[in-house]
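The numbering used here runs 1467 ahead of the 1-based position in the sequence shown.
No lab work stands behind these hints, which were simulated from the structure alone. Given the structure is predicted, the values throughout are model-derived calculations rather than measurements. Quick reminder that beta carbons are idealized off the backbone N, C-alpha and C, glycines included. Keep in mind that a hint or two might mislead.
The following label-pair restraints were derived from C-beta to C-beta distances [unchecked claim]: (1) Ile1607 x Phe1525: 26 to 32 Å; (2) Ser1666 x Arg1522: 34 to 40 Å; (3) Asn1490 x Leu1597: 27 to 33 Å; (4) Val1571 x Tyr1483: 20 to 26 Å; (5) Asp1605 x Thr1579: 28 to 34 Å; (6) Ala1593 x Asn1637: 20 to 26 Å; (7) Tyr1483 x Glu1687: 43 to 49 Å; (8) Gln1470 x Lys1551: 18 to 24 Å; (9) Ile1685 x Ile1659: 28 to 34 Å; (10) Asp1654 x Val1485: 31 to 37 Å; (11) Asn1481 x Arg1679: 21 to 27 Å; (12) Thr1493 x Asp1605: 27 to 33 Å.
Below, a list of computed lysine-lysine pairs in the DSS-like style, where the Cα atoms sit at most 25 Å apart [to be verified]: (13) Lys1551 x Lys1491; (14) Lys1578 x Lys1551; (15) Lys1630 x Lys1684; (16) Lys1562 x Lys1518; (17) Lys1482 x Lys1578.
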Amino acid sequence: MQQILIQNFGPIVNKYGVTLKVNKVTVLCGRQGSGKSSIAKLISTFFWLEKALVRGDFGVNELTAKNVFRDKYCAFHNIQNYFKTDTYFYFKGTKFEFTYEKGVLNVAEIKTTRNFVRPQVMYIPAERNLMAALDDADKIQNLPGSLSAMLDEYSRAIRNAKKPLSLPLNGFKVSYDELTKSAWLSDSNFSIKMTEAASGFQSMAPMVIVTRYLFNKIMENKKGAGL
């Protein structure tokens, strides 16, 4: 089971060094600004780094070079400035252990691991409303890395869909119209552009559509591999 320990990072203090176990479903509860998103972003980062190391995208030496972890991979989630002089991380994955202390990242392979199942990693940002609230949101420059990555997946999912995508709410569906170059929200009685929809739909649609799209990709890969 994966686990993470975070100390002195952004709003997180964790004076007593409590370790969080990362289960298949892990719910974070807390007041606004208490660090819930910071925890989720770090978990997402470490999951992806472990996957990238196993896949061979880069080596341990490249990852642990000075400030690479902070200024490149944490910057993807806009948390590179949350670091303090006494920031400490420990993440135990399936294949690697990561320790960050005194500004240095160390990575150790877990030799006892035989099989590693590559996860499909996606952090879904709260700012996801943007991609449904604006036409041509994918043309906006200098978006945070996590938002840009999700926007790419959302655009790919709705534009490649062969039929309207269902939302888990009263029969509402989302479709993409090539003529207007816009996403549309509809039910049996009406159809409006997503840019005109209520903010709740603009928040729900990207999350549901991207999650389902990535899940289907995982299942297709398993079938292709004969699993």
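A quick look at each hint next to the structure:
1. Ile1607 x Phe1525: 26 to 32 Å: holds (28 Å)
2. Ser1666 x Arg1522: 34 to 40 Å: holds (37 Å)
3. Asn1490 x Leu1597: 27 to 33 Å: Since Asn1490 and Leu1597 have Cβ atoms about 30 Å apart, the given range 27 to 33 Å holds.
4. Val1571 x Tyr1483: 20 to 26 Å: holds (23 Å)
5. Asp1605 x Thr1579: 28 to 34 Å: violated (43 Å)
6. Ala1593 x Asn1637: 20 to 26 Å: Distance hint for Ala1593, Asn1637 holds at roughly 24 Å.
7. Tyr1483 x Glu1687: 43 to 49 Å: holds (44 Å)
8. Gln1470 x Lys1551: 18 to 24 Å: For Lys1551 against Gln1470, whose Cβ atoms are near 22 Å apart, the range 18 to 24 Å holds.
9. Ile1685 x Ile1659: 28 to 34 Å: Hint holds: Cβ distance 32 Å, inside 28 to 34 Å.
10. Asp1654 x Val1485: 31 to 37 Å: Since Asp1654 and Val1485 have Cβ atoms about 46 Å apart, the given range 31 to 37 Å is violated.
11. Asn1481 x Arg1679: 21 to 27 Å: For Asn1481 and Arg1679 the Cβ distance comes to about 34 Å; the hint is violated.
12. Thr1493 x Asp1605: 27 to 33 Å: With a Cβ separation near 30 Å, Thr1493 and Asp1605 satisfy 27 to 33 Å, so the hint holds.
13. Lys1551 x Lys1491: Roughly 30 Å separates the two Cα atoms, so the pair is violated.
14. Lys1578 x Lys1551: violated (32 Å)
15. Lys1630 x Lys1684: holds (17 Å)
16. Lys1562 x Lys1518: Within the cut-off at roughly 9 Å; holds.
17. Lys1482 x Lys1578: Cα-Cα ~31 Å, so violated.
Consistency note: the structure conflicts with the earlier hints numbered 5, 10, 11, 13, 14, 17.
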